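Whenever a hint applies, use it, and build me the whole structure from the sequences.
Sequence positions in the sequence shown follow my numbering and run 1 to 177.
Check the hints yourself; a few may be wrong.
[Unchecked claim] Derived Cβ-Cβ restraints for the label pairs, each shown as a range:
1. Phe135 x Ala62: 19 to 27 Å
2. Leu112 x Ser26: 23 to 31 Å
3. Asp177 x Gly5: 27 to 35 Å
4. Glu50 x Gly145: 34 to 42 Å
5. Pro70 x Leu112: 21 to 29 Å
6. His52 x Phe119: 23 to 31 Å
7. Asp56 x Ile115: 15 to 23 Å
8. Ala61 x Arg15: 23 to 31 Å
9. Pro69 x Asp177: 37 to 45 Å
10. Ala31 x Asp58: 30 to 38 Å
11. Trp99 x Leu53: 34 to 42 Å
12. Leu10 x Val45: 23 to 31 Å
13. Pro70 x Glu50: 16 to 24 Å
Hints in this document: simulated from the structure, not taken from any laboratory. Given the structure is predicted, the values throughout are model-derived calculations rather than measurements. Even for Gly, the Cβ is constructed at its ideal location relative to N, Cα and C.
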Amino acid sequence: MSILGRQAILEEIRRGNIIIEPFNESMLGPASVDLHLSNAFRVFVHLPTELHLTDDMDFKAATKGFLVPPGQDLIIQPGQTVLGITQEKITTRAGIAGWLEGRSRFARVGLLVHISASFMQPGIANHQVLEISNFGPIPLRIIPGTAICQFIFTRCEGAIEYKGVFAGQTPTNFCHD
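Structure below.
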């Protein structure tokens, strides 16, 4: 398993093994691609006294989806978690997997973009859902369109492909109940 650098990412894009929609080469770093926050979010509103964690649990039952209107933003209070999703759709062929990571400039003020689900399986074809949490001491204003996280690609051995429950996520089906 090896992490793909800028030139290797561009080569895999050229070969069709990585598809990023929309894509601009300015999004590429030395070994990652920046992803931007869409305007689709889910907030926790239906808070039961407890939530049973089972394989068939539906996170939408405890959250409400909405779109932030153009030109507006969202304030995340200290201790609050919201779900967001990237503007970009990432498609990888079998043998290419990746990790979603935050950006240090935002982490330094307490913003997390994933809680524990950072690994993306080979063969994905979806927008990446973000578990956005404010662990800092002050409210954070997040703006749709911001390059909020980065995706790191890696090669895997063996022909494997993701067929899981979250395959095909889009901002539209993410924020609608």
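Consistency of the hints with the structure:
Under the hint 19 to 27 Å, the C-beta atoms of Phe135 and Ala62, about 20 Å apart, fit the expected range. Taking the beta carbon of each, Leu112 and Ser26 are about 25 Å apart, inside 23 to 31 Å as hinted. Distance hint for Asp177 and Gly5: a CB-CB separation of about 41 Å, inconsistent with the stated range 27 to 35 Å. A beta carbon spacing of about 36 Å between Glu50 and Gly145 agrees with the range 34 to 42 Å that was offered as a hint.
Hint check: Pro70 to Leu112, Cβ distance near 26 Å, so the stated range 21 to 29 Å holds. Between His52 and Phe119, the C-beta spacing of about 24 Å keeps the proposed range 23 to 31 Å intact. The hinted window of 15 to 23 Å between Asp56 and Ile115 holds, with their beta carbons roughly 20 Å apart. Remark: the range hint 23 to 31 Å for Ala61 to Arg15 is contradicted by a beta-carbon distance near 41 Å.
Taking the beta carbon of each, Pro69 and Asp177 are about 19 Å apart, not inside 37 to 45 Å as hinted. One distance hint, 30 to 38 Å for the beta-carbon pair Ala31 and Asp58, holds here, with the actual separation near 36 Å. Distance hint check for Trp99 and Leu53: the Cβ-Cβ separation is about 23 Å, which falls outside the suggested range of 34 to 42 Å. Range check, Leu10 to Val45: about 42 Å between beta-carbon atoms, so the 23 to 31 Å window is missed.
At about 38 Å, the beta-carbon gap between Pro70 and Glu50 misses the expected band of 16 to 24 Å.
The structure shown violates the earlier hints numbered 3, 8, 9, 11, 12 and 13.
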